[in-house]
Amino acid sequence: MDSLRGKRIHFIGIGGSGMSGLARIALDDGISVSGSDSKDSSVLAALTALGARVSTTHSATNLANVDVVIFSTAISTTNPEYVEAERLGLPLLTRAKALALLMDGKIKIAVAGTHGKTTTSSMATVAFQSCGADPSFAIGGTLTASGANAHRGTGKFFIAEADESDGSFIEYHPDAAIVTNIEHDHVDFFATPEAVTQAFADFAMTIHADGVLVYCADDQGSRALGQSLTHCRTISYGVTDGSALMIDHIELTAQGSRARALWNSTVVGYLELSVPGHHNLLNAAGALALGLTLELNPMLLLNGLASFRGAGRRFELKSSLHGIRIIDDYGHHPTEISVTLDAA
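Adding 650 to a residue's 1-based position in the sequence shown gives its number in the working numbering.
Treat the hints with care, since some could be wrong.
Okay, derived cross-link-like pairs now, DSS-like style, lysine-lysine, Cα gap no bigger than 30 Å in a straight line [what the hints assert, rightly or not]:
| id | residue 1 | residue 2 |
| --- | --- | --- |
| 1 | Lys747 | Lys657 |
| 2 | Lys747 | Lys806 |
| 3 | Lys756 | Lys689 |
| 4 | Lys657 | Lys756 |
| 5 | Lys747 | Lys689 |
| 6 | Lys689 | Lys806 |
| 7 | Lys689 | Lys657 |
Source of the hints: derived by calculation from the structure; they are not laboratory data.
I would like the entire structure built from these sequences, with the hints used as guidance.
Below, the structure written as structure tokens:
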């Protein structure tokens with residue numbers, strides 16, 4: 651299958667953060683969308699308001715008048731809708747394969763990494779929007795400013811968060827990619843650290859030969875990957891001397907962070923972020939390096955990053971009382987917990 655245009659699509663597990671984003675984009679494209687999820691939610695209500703036909707029960711009858719079925723990896727092959735799709739001979743697509751089809755026709759940008767990919771892809775989206783690029787995007791969290799996790803833009807870029815958890819990020823074949831870091835995670839799928847490293851190597855090899863990998867030079871795994879690639883251009887970022895996009899003069903506070911940004915040893919301005927933490931400066935540096943590599947305006951990129959207000963459940967301030975802040979953060983890997991506590 652080379653396109654989803656004109657198809658009637660059904661999503662099994664449509665309420666998930668990744669699946670709901672694809673449904674939004676399909677609806678933006680005028681595609682007929684139906685879906686099911688095991689429980690009602692505000693996400694389902696929003697999709698219904700956009701024109702999706704949504705059920706809160708998984709049933710074979712939900713597949714009437716459907717051409718293609720998209721399923722998340724959380725869905726069992728014994729799910730009644732999955733079983734019915736197989737019986738009917740309907741195409742069954744993983745979320746990654748469906749997203750790859752929705753990205754076709756755009757300059758495809760995939761943001762990968764064990765940590766920081768949601769924030770980095772969100773930052774890149776806001777920075778590109780600031781440049782007037784109006785990118786399409788599909789990310790794993792909601793942008794705080796707009797409340798959206800996906801959108802079909804009018805511009806030439808498509809920014810997608812590339813989830814490595816099941817190895818399916820090899821489906822995207824991007825024109826440009828960011829790898830923020832590489833560390834052992836998702837041990838139910840990757841038994842060893844070497845398996846994770848190999849998965850990212852396989853992903854990097856899918857970058858087009860005339861494309862580019864933007865990698866964090868401060869992270870051992872990402873640096874080793876970037877330095878090993880020979881089939882495409884590579885761009886480094888970080889505090890490490892010699893990085894193509896280097897940050898220094900770093901200032902960290904509880905309210906935000908600041909750093910000077912140098913592009914090929916020339917100062918292009920200052921990263922001024924309203925989100926705290928050294929890790930978020932690196933995320934922003936990756937987004938900035940990507941934008942500069944794609945020849946977007948440096949000051950507009952920096953302005954966009956300065957306007958970034960975060961992503962849902964990524965150091966998200968929920969409330970404050972008597973000087974005590976209540977923060978919601980999705981991070982559950984030891985490294986993610988550590989940097990989040992440092993930022994607090």
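Hint by hint, here is what the structure shows:
Only pairs whose Cα atoms come within 30 Å are accepted, and Lys747 paired with Lys657 is accepted, the gap being roughly 15 Å. For the hint pairing Lys747 with Lys806, the CA-to-CA distance comes to about 20 Å; that is within 30 Å, so the pair holds. This hinted pair does not check out: Lys756 and Lys689 have alpha carbons roughly 34 Å apart, beyond 30 Å. With a C-alpha separation of about 20 Å, the suggested pair Lys657 and Lys756 falls inside the 30 Å cut-off, and the hint holds.
Of the pairs offered as hints, the one joining Lys747 and Lys689 holds, with about 25 Å between alpha carbons and a cut-off of 30 Å not exceeded. A threshold of 30 Å between alpha carbons decides the hint, and for Lys689 with Lys806 the separation of about 36 Å lies outside it, so the pair is violated. The straight-line distance between the Cα atoms of Lys689 and Lys657 is roughly 26 Å, inside the 30 Å bound, and the hint therefore holds.
Figure legend: structure checked against the earlier numbered hints; hints not met, in rising order: 3, 6.
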